[in-house]
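Protein chains in written order, with the numbering used here: chain C, 14 to 327; chain S, -19 to 93.
Keep in mind the hints are simulated off the structure, nothing from the lab. Every residue, glycine too, gets a C-beta built ideally from N, C-alpha and C.
Only part of the chain S face toward chain C is listed, based on derived beta-carbon distances under 7 Å: (1) H(-18); (2) L(-14); (3) G(-11); (4) Y65; (5) G75; (6) L85; (7) E89; (8) L90.
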Amino acid sequence: MCGVCGCGGAGAGLEDDRTGGPARHGHGHEQEHGHEHEHEHVGADGTVLRHRHDLHHHAHHHPSDHDHPHPHAHPHPGHRPDRDEDGTTRLLRVEQDILAKNNAGAAANRELFAAAGVFAVNLMSSPGAGKTTLLVRTLTDLKGRFPAAVIEGDQQTSVDADRIRATGTPALQVNTGTGCHLDALMVTRAVGRLGLAAESLLFIENVGNLVCPAGFDLGETRRVVVLSTTEGEDKPLKYPNMFAVADLLVINKTDLLPHLTFDVGRLVDYARRIRPDLEVIQVSATTGDGLGHWYQWLETGLAAARRHRETDCR
Amino acid sequence: MHELALSQGIVEVVCTRAAADGARRVRRVCIAIGALSPVEPNAIEFCFDAASRGTLAEGAVLEIRRPPGRARCRSCDRVVTIAGYDRPCPLCGEGRWVLVGGDELQVLELEVE
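Only chain S is shown next, with the shape it has when bound in the complex (with noise of 0.2 Å):
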């Protein structure tokens, strides 16, 4: 189950930046899980609670945002949003293109206490 492991990884980050900052609970997490990574926000969600419980992040909110894909057009050279692995390029129609964003997954920030 990897999006347990990518919970464990998050809840990782965010203790290790919370306790250097001396905080003694952590109220808020935002991350971005990218449109186009190949991980599911709801899983992700779910695994959250279980991986946060006894560290300084239980019960924190957790708050994803979704960056679109965005790609660079081989064709036309414009930067454009791409909704899918298999859409074209939306302004001229090309299929081919190289990812330029919209696969990252990143703490964001905290809310701590």
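Same shape as in the complex, but just chain C (with noise of 0.2 Å):
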């Protein structure tokens, strides 16, 4: 469905950086130079100009690569300082963030988490590395424990949901249509509608994919990454932004190792490279092996969010 999300093209080559402000270049010499260049005008209202000068000349005496002023006046006769020169084009300055909107919602999500003590976990892997049987596992084993429930994002099909509240835990499908990611605003949305219990465990289960669900916060306490063993160890490498923003790796089917050949010191080297921090567990999601530290980690999660709960409160 996705063909443009990242496994559309071959990635983000280098190209060269015009972001620098006006009139920066370096250049080491003492001398008397004429030289013509181009440069801005910012007006109050962030109305910008851009133009040119012919040659002309001006002393420097100074050493190499820096900014410099221009101590000089420019005369605009016959035009206001923010039109072109037929007087019906205009430069804007915005600087505007694209995701802005998404960004709002993320924080408003994370204020809301933090006020009520939530320890928000957004879950992001390939469609089929385990994470709803994870999850499903992990709902089971720790009932009773403390309040918990899940967002769950697919593109179609309440299955997911379905598996989850099979274990009494409150869940909620988002589908996605052919959106390949959750946002915050769907997040913000599903809360209202879920209910948040205060103190609790709030699971985001992600659309499965390695590529969108980076680019989006959530407004989440902590970002988990599932990788399975049935896939390559190189994936750190391949899809290195949803490894640049995980805090913690989950390594799930480790019971699958004796009949693979996959290697896990390899994998995680991989993610380190990309994140130098990352945590990473080890796990069976069926077997249950290694879940204890997966449990602790939850609960030391939890832990900290109704920590903080309490210091905001006084």
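Hints in hand, dock the two standalone chains.
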């Protein structure tokens, strides 16, 4: 479905950075010289006029590579400073984050979670890594220890939410249609419908996709990437953005290791090349092996969320 | 398709700003997609045309700048250019650094009439 998402291109080749400010150039010399240049005037309302000046002279006496001021005035007869020569076009400086709307939603969610002492975990992985199986096992094993809820993201069906609800845990399915990730506003709406128990554990199971979910802050407390032993060890290098934003890597399906050539050490090495501080926990959601570490990680996170809430309430 | 969602975000930012300035039409949109951001510029270009249809930004030229990844090395404490998340510091070879730029997604400026 998602032909343009990361899968679509060879990735970002470096091109020149032309975002530097006006009139920054490096030159080392001590002489008078002439030059022509292009520069900008910025009005009080952020309007920008960029224009060229033909060859003119002024003295320089300075070392190399630096910004320099323009100690001279340029008259602009006959046109407004924010207008082009023909008076019809003008430049507007914006410098606004494209994800501003999502980020504002994420900030609101984060505030909501913090105020309620909720530990919100954004669970991400490729399709089939075992996120839902891990959740079902977790919610079954930890039942009654603390309140929990799940937001399930999938393009279609409520199969996963049904599996979660079968454990007795409240769950809400968010279908993204053709969308390949959850965004902050979807989470806000889901939380509104699901209700948020104070001092609870909230799992947000993202759409199975190692690319797009990495770009959308949901306001979660922690980001967890699940990677199973039936995948390639080189996925952290192939999908670096996902690992760059992760707090914890859960390696799932370790029960299958005897049957595979999967090298756990290499996976961890690759993952920590991308994110040096990445925590790693190895589990098998099927046999239960290693789940104690995972549960401890969750309980530590929840305890911290509760502590922060108490501190903030005082 | 998150590039479509992002393109809609771009069009929203652009049209809000242009309308506030009383513009009749947007001729050019300049955006920055950091080299280390999880976004494919070709896909943004592709989606922008569709997302801008019927808006002030329809037909606008989309100019994409690619600020390179910038990181502070944890070993030598210098700010260096980083070509990828798996690349070490080009000055000292240390693999641990903290990203300080090059993952941005911004509308920088517009040319309107």
